[in-house]
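Q: For reference, the chains in residue letters:
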Amino acid sequence: MTWTKLLANKEAQRHKTSKKELDNMRALIARDLADAGITGLSADRRFATAYNAALQAANMAIACAGYRIMSKVGHHRVSLESTKLVLGKPAHKYADYFETCRRKRNTIDYTFSNVATETEAKEILVQAAEFYNQVEDWITKTHPSLKM
Amino acid sequence: MRNNVRNMRNHSVLTALFPQVRQGVLAATLGQPDKWWYLSELAGHLGTSPSSLQRELSSLVASGILVHRREGTRVYFKAETQSPVFRNLQQLFEKTAGLAPILEQILKPFGNKIQCAFIYGSVARSREHAMSDVDVMLIGSAGLADLSPALRKAEERLGREVNVTAYSLEEFREKIKSRDHFIAAVLRGRKRFVKGGQSDLDEIVGK
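Here the protein sequences come in this chain order: Z and B.
Counting along the first sequence from 1, when you hit position 82 you're at 81 in numbering that gives the first Met the number 0, and nothing is skipped either side.
Counting along the second sequence from 1, when you hit position 159 you're at 158 in numbering that gives the first Met the number 0, and nothing is skipped either side.
Careful: at least some of the hints might be erroneous.
[What the hints assert, rightly or not] Over 12 Å on every C-beta distance to chain B, these chain Z residues come out as not near it, computed from the model: (1) R13; (2) T16; (3) L21; (4) A29; (5) A42; (6) I123.
[Claimed, not checked] Computed cross-link-like contacts, DSBU-like style, restricted to lysine-lysine with a CA-CA straight-line distance of at most 30 Å: (7) K174/B / K83/Z; (8) K176/B / K94/B; (9) K140/Z / K176/B; (10) K176/B / K4/Z; (11) K94/B / K4/Z.
[Claimed, not checked] Using C-beta positions, here's what the derived DEER-type ranges look like: (12) G65/Z / N87/B: 54 to 60 Å; (13) Y75/B / L27/Z: 46 to 52 Å; (14) F111/Z / I175/B: 17 to 23 Å; (15) V84/B / S70/Z: 49 to 55 Å; (16) F111/Z / G205/B: 42 to 48 Å; (17) R178/B / P89/Z: 40 to 46 Å; (18) K88/Z / S51/B: 29 to 35 Å; (19) G188/B / V125/Z: 28 to 34 Å; (20) T72/B / T3/Z: 27 to 33 Å; (21) S41/Z / A183/B: 39 to 45 Å; (22) S58/B / Q12/Z: 47 to 53 Å; (23) N8/Z / Q81/B: 36 to 42 Å; (24) I175/B / N132/Z: 34 to 40 Å; (25) Y75/B / S70/Z: 30 to 36 Å.
It is worth saying that the hints were derived from the structure and are not from the lab.
Where a beta carbon is used, it is the ideal one built from N, C-alpha and C, also for glycine.
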């Protein structure tokens, strides 16, 4: 996967982000990370909410790199995979992990209930928070004008 | 250690029986018996050139182990499921280069972090079709984050998705205690163990 191919396939487009746009995404991530920790919710809902926080963190990194993933079939997969291009090797393990989570989240949202286990819901919350911190660290280093 | 010995033995069984390219062709076609493989697709999957496969494919078609069909200029190949040796060959590859050995291999580095893991659902019942996902239940402290990089590689080799449901030992035992319907159904069904065995599962369940 390269940006050239993603642009050619119309899976991504050039995009100039702003601090305001990123701050809106930060607020959304903070909300989802907080909601994913509410133990009164089902493990499925907490899992899907933490997944959404991770997806938005991926989109923040992509926006800072100057792109936006087009909203079409498979765009979550493309967003997660694209973080490998933006963040490099340290993001690979997160991209692979959240790809596994993407499929589980699809089943949760569209097919079955009681899919995520408590173990998995707790794990994704930790991983999403870690991944988000990694994205913020990267923004601070590479795009200081856009930092938190 | 026992797993190591078993893997080495499995490897030498196939190597003794089949040249490397034939092993690859048979593992791919018998592993997904409903799938029609286009020549260059199969070559890409095996990391070789189409020309290096042609002699093997012709020989396997001539012997009735594979069938082929032509669509325009393209030729497709698949396992001949009506062959009298199909099931025997499939079992041989399942035991040596198939799904379970690949999963055993990727779970091995996690050692005691995984108490027990098994395949369940249609694949465990041997009723899968070519695109069936593989459902795996895992009990232990290794999570999806630990497993995912290795899972991606296994999925590429197997050509199908592997869906893992992970439980900590405590959560699994709680679910058993609360008579969780899903776990009860999985435990009643057929399983193929890829880490530990029935006695390990019985111990966890408290039988």
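Q: Hint by hint, which ones does the structure fall short of?
A: 5, 6, 7, 8, 9, 10, 11, 16 and 21
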